[in-house]
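*Asks:* Please work from the sequences and hints to get the whole structure.
Protein chains in written order, with UniProt numbering: chain A, 1 to 276; chain B, 1 to 301.
The hints are simulated quantities; they were obtained by calculation from the structure and are not laboratory data.
Mixed in with the good hints, there may be bad ones.
To be verified - Within a straight-line C-alpha distance of at most 25 Å, the following computed SDA-like cross-link-like pairs (lysine to any residue) qualify: (1) A:K231 with A:S106; (2) B:K3 with A:L138; (3) B:K235 with A:V204; (4) B:K42 with A:A205; (5) B:K3 with A:K231; (6) B:K62 with B:I191; (7) A:K101 with B:N7; (8) B:K131 with A:V20; (9) B:K265 with B:A58; (10) A:K101 with B:I191; (11) B:K292 with B:I191; (12) B:K265 with B:G53; (13) B:K235 with A:G234; (14) B:K9 with A:I174; (15) A:K5 with B:E40; (16) A:K5 with B:A198; (17) B:K265 with A:S137; (18) B:K265 with A:L138; (19) A:K101 with B:D2; (20) B:K235 with A:S127; (21) A:K101 with B:L104; (22) A:K101 with B:T23; (23) A:K5 with B:F160; (24) B:K71 with B:Q175; (25) B:K265 with B:Y57; (26) B:K100 with A:L23; (27) B:K3 with A:S106; (28) B:K235 with B:F160; (29) B:K55 with B:V78; (30) A:K65 with A:F46; (31) A:K5 with B:N7; (32) A:K101 with A:E167; (33) B:K235 with B:T157; (34) B:K235 with B:Y196; (35) B:K100 with A:Y22; (36) B:K265 with A:V139; (37) B:K8 with A:S106; (38) B:K206 with B:T23.
Model, not experiment: these values are computed from the prediction.
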Amino acid sequence: MKKIKPIRIIIYIFLIVMAVIYLAPLLWVLIVAFKDNNHELMVAPFSLPQSPSFANFTFAWTAGKLGIATLNSFLVCTISLILSMLIGSMAAFGIARLRWKFARLSLTYFLLGMMIPVHCVLIPLFSRFSSFGLNNSLVGLILPYVTCSLPVTIFIMVGFFEGLPNELIESACIDGATIYQIFYGVCLPLGKTGLFVTGLMTFVANWNELLLAMVFISDDLKKTLPVSLSKFVGPYNTNYTQMFAAIIIAIIPTIVVYCAFSNQIVDGLTAGAVKG
Amino acid sequence: MDKLLRNKKAIIVFMAPGLLLFTLILFVPICQSIYYSLCEYKATSITGPKFIGLKNYADLLKDDTFWIALKNSFFFLVFSCVTQLIMGLFLAGLLTNIDKGRNLFKNIIYLPCVLSSAALGLLWMFIFSPKFGINKLIETLGVQDFVKNGPLWLMDTKGFIVLPMWVIAFVALWQYVGQSMMLYMAQISGISKSLYEASYIDGCSKAKSFRYITLPLIRPMVATAMSLNAIGSLKFFDLVFNMTEGGPNHRTEVLATHLYQQGFKYSKYGYASAIGVVLLILCLLVTAFINKVVKTEQYEM
Numbered sequence: 001m002k003k004i005k006p007i008r009i010i011i012y013i014f015l016i017v018m019a020v021i022y023l024a025p026l027l028w029v030l031i032v033a034f035k036d037n038n039h040e041l042m043v044a045p046f047s048l049p050q051s052p053s054f055a056n057f058t059f060a061w062t063a064g065k066l067g068i069a070t071l072n073s074f075l076v077c078t079i080s081l082i083l084s085m086l087i088g089s090m091a092a093f094g095i096a097r098l099r100w101k102f103a104r105l106s107l108t109y110f111l112l113g114m115m116i117p118v119h120c121v122l123i124p125l126f127s128r129f130s131s132f133g134l135n136n137s138l139v140g141l142i143l144p145y146v147t148c149s150l151p152v153t154i155f156i157m158v159g160f161f162e163g164l165p166n167e168l169i170e171s172a173c174i175d176g177a178t179i180y181q182i183f184y185g186v187c188l189p190l191g192k193t194g195l196f197v198t199g200l201m202t203f204v205a206n207w208n209e210l211l212l213a214m215v216f217i218s219d220d221l222k223k224t225l226p227v228s229l230s231k232f233v234g235p236y237n238t239n240y241t242q243m244f245a246a247i248i249i250a251i252i253p254t255i256v257v258y259c260a261f262s263n264q265i266v267d268g269l270t271a272g273a274v275k276g
Numbered sequence: 001m002d003k004l005l006r007n008k009k010a011i012i013v014f015m016a017p018g019l020l021l022f023t024l025i026l027f028v029p030i031c032q033s034i035y036y037s038l039c040e041y042k043a044t045s046i047t048g049p050k051f052i053g054l055k056n057y058a059d060l061l062k063d064d065t066f067w068i069a070l071k072n073s074f075f076f077l078v079f080s081c082v083t084q085l086i087m088g089l090f091l092a093g094l095l096t097n098i099d100k101g102r103n104l105f106k107n108i109i110y111l112p113c114v115l116s117s118a119a120l121g122l123l124w125m126f127i128f129s130p131k132f133g134i135n136k137l138i139e140t141l142g143v144q145d146f147v148k149n150g151p152l153w154l155m156d157t158k159g160f161i162v163l164p165m166w167v168i169a170f171v172a173l174w175q176y177v178g179q180s181m182m183l184y185m186a187q188i189s190g191i192s193k194s195l196y197e198a199s200y201i202d203g204c205s206k207a208k209s210f211r212y213i214t215l216p217l218i219r220p221m222v223a224t225a226m227s228l229n230a231i232g233s234l235k236f237f238d239l240v241f242n243m244t245e246g247g248p249n250h251r252t253e254v255l256a257t258h259l260y261q262q263g264f265k266y267s268k269y270g271y272a273s274a275i276g277v278v279l280l281i282l283c284l285l286v287t288a289f290i291n292k293v294v295k296t297e298q299y300e301m
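*Replies:* Take a look at the structure:
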């Protein structure tokens, strides 16, 4: 029989403690969200709910407007995702494959965007959008989201397109394909992995974005999930169990997706960050 | 083929949307922001921005809250760079050395990185609430009257770096350490096994091979992870906003929350732009500094 080294056991005990530190807070919120009322929370915050009910969830979903916020978030993030992938991969193709003088320079220009905090553009954008009537509309949110996703999308996709063999494009040329067909029919399908990675990063980042959404949207029916959540769980609400349910509603979609694709997501996001 | 790839029209079609969007939404507003920071500009003023030179920056120097925010932001920067480096490397080192359950632990620790920090901020606010959170837990575990006598956590105001800042910094570490860990793990698993085998034959212990093989080889990644951390902690907003909103009495204000308060609560656009410019300069300086100090030439592997 193989002897188990004591150092192994210490490592595993440490890792299990870490896992508890990571999962316990989430589990606690889940338990409290099923409790009946504040009284039960105050008396026995760490015991299982006596009569579990979904009442808190339904309240937060409807009266807390989290339902409509989830829909808004989904709309904004999906449209931003499609647009940023399209515009980003087009620009990446232009930089990586087309032959012109300023290709490298424009790549540098895009990459500068990674270092720029979005806070700096908040005020000019807000006053500009107000004068165009774009404040309080989801379009006004999608535009900056797409823009902020461009640097990382372009960076990763340039890497992918540059890795494609030259012969591929040559043979497509000989077959008489136009440049648009080469992009759409040859390069884009081969860059699927890259698109998946950038798509994930974009979607996660935009789904969780709070500051821009909070500044640009004041209409309750147009707010995105993080904003509606922050408003619902504000200092004026005293019903704690409902707030806990709201937190669960806000994080459950991400958790479900994460559990389903965790390996791809972790590897994908890291691959993206490694290159960035 | 060359003709096809040099086609002017195609270049414009491919590049124009991206360049246009990027310039209009990011680049032009930054220039505007720099201009606004030199102006008296309030949301209520009908005449628009009025040039007043460096007055906003002079006001910043006299603003106590700005200094608190700057101090807190720096605290965050240093704390997150140091702790994320240590914890991230430590966890990466542990996880690359075990086989069973590596993916499980990796995925658990990475989980908070993809969750909304707005929601997690609220969650931790409840955990550190004196009435039913962590104090109650310690009391349940057997310490008498801890709810009454325990620390106030997010409401405490004593000390140079107040207790709430430490709490928020801890939560930030909890949430984002997975990112650093993953970056280091990716780099470590790229190191060739033969290097380690050679070192074991030469009589190296595991710890020694970590010090003399792993550390030098992942140094470029340390620069990347640190710059990500540094920019992230300077931009830090969601957690602070949802855990304390800069309170109590502005003691936990950071640059981003101060900017938000001045710009959108008091509508002082010019003044808030000045804070934004300070933030931008800090971001650029810190990235340049880290890359200069930490980054060295890539080793051949």
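*Asks:* Look at each hint and say if it fits the structure.
*Replies:* Results for each hint:
| no. | hint | in the structure |
| --- | --- | --- |
| 1 | A:K231 with A:S106 | violated, 40 Å |
| 2 | B:K3 with A:L138 | violated, 42 Å |
| 3 | B:K235 with A:V204 | holds, 17 Å |
| 4 | B:K42 with A:A205 | violated, 31 Å |
| 5 | B:K3 with A:K231 | violated, 57 Å |
| 6 | B:K62 with B:I191 | violated, 52 Å |
| 7 | A:K101 with B:N7 | holds, 12 Å |
| 8 | B:K131 with A:V20 | holds, 22 Å |
| 9 | B:K265 with B:A58 | holds, 21 Å |
| 10 | A:K101 with B:I191 | violated, 37 Å |
| 11 | B:K292 with B:I191 | holds, 24 Å |
| 12 | B:K265 with B:G53 | holds, 24 Å |
| 13 | B:K235 with A:G234 | holds, 23 Å |
| 14 | B:K9 with A:I174 | holds, 20 Å |
| 15 | A:K5 with B:E40 | violated, 69 Å |
| 16 | A:K5 with B:A198 | holds, 23 Å |
| 17 | B:K265 with A:S137 | holds, 20 Å |
| 18 | B:K265 with A:L138 | holds, 22 Å |
| 19 | A:K101 with B:D2 | holds, 14 Å |
| 20 | B:K235 with A:S127 | holds, 21 Å |
| 21 | A:K101 with B:L104 | violated, 48 Å |
| 22 | A:K101 with B:T23 | holds, 19 Å |
| 23 | A:K5 with B:F160 | violated, 45 Å |
| 24 | B:K71 with B:Q175 | holds, 22 Å |
| 25 | B:K265 with B:Y57 | holds, 19 Å |
| 26 | B:K100 with A:L23 | holds, 19 Å |
| 27 | B:K3 with A:S106 | holds, 21 Å |
| 28 | B:K235 with B:F160 | holds, 22 Å |
| 29 | B:K55 with B:V78 | violated, 30 Å |
| 30 | A:K65 with A:F46 | violated, 28 Å |
| 31 | A:K5 with B:N7 | violated, 66 Å |
| 32 | A:K101 with A:E167 | holds, 23 Å |
| 33 | B:K235 with B:T157 | holds, 23 Å |
| 34 | B:K235 with B:Y196 | violated, 39 Å |
| 35 | B:K100 with A:Y22 | holds, 19 Å |
| 36 | B:K265 with A:V139 | holds, 24 Å |
| 37 | B:K8 with A:S106 | holds, 16 Å |
| 38 | B:K206 with B:T23 | violated, 51 Å |
Of the numbered hints given earlier, the model fails hints 1, 2, 4, 5, 6, 10, 15, 21, 23, 29, 30, 31, 34 and 38; all others are met.
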